[in-house]
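K.L.:
The residues making up each chain are set out below.
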Amino acid sequence: MATPVERAPLIIRPSTGWRGLALGELWRQRELLFVFAWRNILVRYKQTAFGIAWAILQPFFLMIVFTLFFNRLGDASSNGIPYPIFSYAGLLPWTFFSTSVTQSALSLVSNQNLLRKIYFPRLIIPISTVVTSLVDFAVASTLLAGMMLYYGVYPEPLRLLALPALLLLAVATALGVGLWLSSLNVLYRDIQYVVPFMVQAWLFATPAVYVGKTFDEPWGTLLGLNPMQGVVAGFRWALLSSGSPPGPMLAVSAAVTAVILVSGTFFFRRLERTFADVV
Amino acid sequence: MWSDSVAVARERELAIRTEGLRKRYRVGRREGYRVLRDALADSIRAPFRPREEREDRFVWALDDVSFDVGRGEIVGVIGPNGAGKSTLLKVLSRITEPTEGQAELYGRVGSLLEIGTGFHLELTGRENVFLNGAILGMRRAEIARKLDDIVEFAGVARFLDTPLKFFSSGMQVRLGFAVAAFLEPEILVVDEVLTVGDLSFQERSLGKMKDVASGGRTVLFVSHTMSSILALCPRSILLASGKVLFDGPSEEAVARYVEASRMSGGSWLDERTSRTGTGTVRVTALRLEDADGNLVAAPGSGDAVRFVLEYEANEHANLSELVVNIVVSEHGGRGLLSLMSQVSGAGLKDAPPAAASRASSRSCR
Chain D
11 MATPVERAPL IIRPSTGWRG LALGELWRQR ELLFVFAWRN ILVRYKQTAF GIAWAILQPF
71 FLMIVFTLFF NRLGDASSNG IPYPIFSYAG LLPWTFFSTS VTQSALSLVS NQNLLRKIYF
131 PRLIIPISTV VTSLVDFAVA STLLAGMMLY YGVYPEPLRL LALPALLLLA VATALGVGLW
191 LSSLNVLYRD IQYVVPFMVQ AWLFATPAVY VGKTFDEPWG TLLGLNPMQG VVAGFRWALL
251 SSGSPPGPML AVSAAVTAVI LVSGTFFFRR LERTFADVV
Chain Z
31 MWSDSVAVAR ERELAIRTEG LRKRYRVGRR EGYRVLRDAL ADSIRAPFRP REEREDRFVW
91 ALDDVSFDVG RGEIVGVIGP NGAGKSTLLK VLSRITEPTE GQAELYGRVG SLLEIGTGFH
151 LELTGRENVF LNGAILGMRR AEIARKLDDI VEFAGVARFL DTPLKFFSSG MQVRLGFAVA
211 AFLEPEILVV DEVLTVGDLS FQERSLGKMK DVASGGRTVL FVSHTMSSIL ALCPRSILLA
271 SGKVLFDGPS EEAVARYVEA SRMSGGSWLD ERTSRTGTGT VRVTALRLED ADGNLVAAPG
331 SGDAVRFVLE YEANEHANLS ELVVNIVVSE HGGRGLLSLM SQVSGAGLKD APPAAASRAS
391 SRSCR
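Note that the protein sequences, when read in sequence, are chains D and Z.
Basically my numbering = 1-based index in the first sequence + 10.
Basically my numbering = 1-based index in the second sequence + 30.
The shape of chain Z in the complex, shown without the other chains:
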């Protein structure tokens, strides 16, 4: 049967194919984890109890997930918490078995679900590099050859023979990322790992990921950071409740994700009840528009957008000194953009009591 698959793989240079992957977990207590007493008690009670398994005691973390990834493709996986992203990576990296369906992987797989897996605090930096590298699947000779580069990338050369427990937490994650960055599998499966370290290290990490990506490797990349997804992955898979909602260009996947999370999670500003401040001016809506006034859910890189802010104010409020400040920050709270009316000098003198204020930005990256 797999000879057919191989033929197809050669034809399309397939790297990953999943067909109807499903993974079921038990809700409540974790699957099978129990003390012997429970098992004995169950087996005693069993004859008096109907044996059928109730479907509502289970949750499908993956529910019929099928997709193909070609060799050399960089594919993002996005979705809300509990969508099944990590479960998908765990199945593909063989940590856990699917309940149904199958996946085919063409090439040596490296998986990176965590930074510094297996690190031991009592061991030195050098010892941990060898330990972690071996766990990730590198040969000892390979690690020895790359040691200098790894240490330089992590910037921990002076502490190489110091036990890891004396490293700062930032140094620990940098070392962990550095080892992983020098992994050279044909297929790389990565969970959210680019949010470690400080700003400059994050940027170097992103650069390193880009190198990995351009080196012809196939990458499946889970992230909650949409900017990283858009920067790295031309294509993304949007998961929700274990199902593939969308599979296509990242811009669209991200837009749909943002749209979906606004539908489910966010509430409309004018319905919001948890407000602080005096209430003299209330923001009732904030939206993005393109130049023609159409609503934009997720602006693409390099697009010009207009922030439209609607507000209402007390009838007697003095709005002659109104200042509007719009800050755009990343998922992690890192500021990207700040638009301040007093800086731009936009005329907000004697603003009307209820209106829409418009501010434009061309630097939405």
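Just chain D, with the same shape it has in the complex:
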């Protein structure tokens, strides 16, 4: 048996005010994070006939619906790009974002039994739901690749390098919003009724399925206050060479996301100590 290592004792005492983020502990427990993500993936598609194919089917059906009603029956244009691929390129990051936010907002309450019975860094729970959505995103991306081949829309290779950064922006935004909502939902269950409405309104505010109007500066740049605007515009620019490079807008988005993520993490850590008593 391993000999006990001499080390500083673990001191448990009441904490007050804002707390540090304890990211070191989070890093040491990263394995648990992936176990939770793995569990979420397994559980999400258990006893479904299509299994993980749902990761593709959900944005696919959305794309069909929007193509039918916005493009064919309505008059949504798509900047000369086939509308299905135009909307799918927007729906891909959007679906990642909306499932991440929805699932992570509910994550603490749906794992309340764990909160009451065992200790681990609570940040793991919302983070793991975002990781789970990333897997869905990866699966759903394969359909986009297929559609690009089918429609003969080829990206400029160099622009693809922007995708990881754009995805990172989407991840950070989803996590930031998820941290705020999940911890608030522990206190006020009202949140879970607000989230679906909020996500839907956010979808309409983001030109994922339509071509956004072009605004004069500085208004065009300020659209980046909605970080998903920057992400969606960036995805289209990188994949479909549609629109102008969203540089300044992305800078605004990144700044907004940084604020949401950092404040969300501190807020979460502050409320964390009451989770087990309140949930």
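Just so you know, the hints here were simulated from the structure itself, not pulled from any lab data.
Some hints could be false.
Stated by the list, open to error - Some chain Z residues flagged as far from chain D (calculated, every beta-carbon gap over 12 Å):
#1 Glu103
#2 Ala187
#3 Ala243
#4 Met256
#5 Ser257
#6 Ala270
#7 Pro279
#8 Val288
#9 His346
#10 Leu352
To be verified - Which residues of chain D face chain Z? A few of them, derived with a C-beta cut under 8 Å, are:
#11 Pro19
#12 Ile21
#13 Arg49
#14 Val53
#15 Leu124
#16 Tyr129
#17 Arg283
#18 Asp287
The model shown is predicted, which means the values in this text are computed figures rather than measured ones.
Cβ atoms here follow ideal geometry from the backbone N, Cα and C, with glycine treated the same way.
Since the structure of chain D is provided, determine the placement of chain Z on it from the hints.
P.N.:
The following block gives chain Z in isolation, referenced to the frame of chain D:
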């Protein structure tokens, strides 16, 4: 400041130290749980209402709890419901923060407040072992190495790849206990978990706990089963209303607990009003005595005790066929001992109308 603590810890090989731990909960609605409307309403009303917090709206689940546990000690925690036992474990396992005071833990802590925490019914037995093990703090490689032992201990090898929802409830708890049994922390904090499973599994569980205990680990063990406490823990802490009433040898702690619960909960037999039967014979008192006739509150393991039963009977009752049967059962209702007068052949022919009947037992374990 903690450098002093470390020095002391080395000196005494300290594993756990708590100093003035207090934990306050709000009574009535659960702390902070409310809908947004309430919060808004409160903030609107607030200016017209005195702001002071009324003390009677709170309860101290832990009230100035201080104790030390040395490395390798097995300490029981006993007390009535609501005494603060589970709150103490929750504070020590960092699930909830104390309101005041502090605790120091020297070594890797594993806590087991529930069997099968995080089990998911849709996942297979194998998947759940990995999930539960990770939640309890095991590394994946460690779980993989112990998987065979865990499965064998739980006795569910055939169902390993079956979803948990098709397990019987007994199989589920056995699997949960098995995972926990192979946890190897330096300090183990355990809530009532030995009462799961059937009789033979309970015995294996108790044996496993003894192994854990003798392996040099520090264990803090909450139980309502006094026999488990006496079997496992040389020392016990008796809690009541959040305070430490007694901290010392388990025999004495258990005796005090039994005494205290009789004072508060139990009523004297002769004052009891909820009786069934014809009332021809009424039992008025039952007590335990040692060989010298002294009252015994909680007999120690291996002690000889005498059961003294007092009764009164109708004047005209025919007591020539009186049969007395004393059954001792455990907290969970599991029978331990049965003393029957017709088996022992004790002479109860023509018993007097009111007297004390004595039966002896040497097998009080």
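K.L.:
It remains to establish, for every hint, whether it holds in the given structure.
P.N.:
Structure-based check of each hint:
1. At roughly 14 Å from the closest C-beta of chain D, the C-beta of Glu103/Z stays outside 12 Å, upholding its exclusion from the interface.
2. Residue placement check: Ala187/Z keeps its beta carbon more than 12 Å from all beta carbons of chain D (closest about 21 Å).
3. Non-interface status of Ala243/Z relative to chain D is upheld: no Cβ of that chain comes within 12 Å, the nearest being about 14 Å off.
4. No beta-carbon of chain D is positioned within 12 Å of the beta-carbon of Met256/Z; the least distance is around 25 Å.
5. Interface exclusion of Ser257/Z from chain D stands, the closest Cβ pair being 26 Å apart, more than 12 Å.
6. Listed as a non-interface residue, Ala270/Z keeps its Cβ farther than 12 Å from every Cβ of chain D; the least gap is roughly 22 Å.
7. Non-interface status of Pro279/Z relative to chain D is upheld: no Cβ of that chain comes within 12 Å, the nearest being about 26 Å off.
8. Non-interface call for Val288/Z relative to chain D: holds, since the shortest CB-CB distance, roughly 29 Å, exceeds 12 Å.
9. The non-interface label for His346/Z is consistent with chain D: the shortest C-beta to C-beta separation is roughly 61 Å, beyond 12 Å.
10. Chain D leaves Leu352/Z outside its interface by the beta-carbon criterion, the shortest separation being 52 Å against a cut-off of 12 Å.
11. About 4 Å separates the beta-carbon of Pro19/D from the nearest beta-carbon of chain Z, less than 8 Å, and the hint is met.
12. Satisfaction of the interface hint for Ile21/D is found here, the shortest Cβ-Cβ separation to chain Z being roughly 6 Å, below the 8 Å cut-off.
13. Checking Arg49/D against chain Z: minimum C-beta separation of about 6 Å stays under 8 Å; hint holds.
14. The beta carbon of Val53/D is positioned within 8 Å of a beta carbon in chain Z (closest approach about 6 Å), and the interface hint is therefore held.
15. Residue-level restraint check for Leu124/D holds (minimum Cβ-Cβ distance to chain Z is 6 Å; threshold 8 Å).
16. Look at Tyr129/D: its Cβ gets to within about 4 Å of chain Z, closer than 8 Å, so that hint holds up.
17. The closest approach between the C-beta of Arg283/D and any C-beta of chain Z is roughly 5 Å, which is under the 8 Å cut-off, so the hint is satisfied.
18. The beta carbon of Asp287/D is positioned within 8 Å of a beta carbon in chain Z (closest approach about 5 Å), and the interface hint is therefore held.
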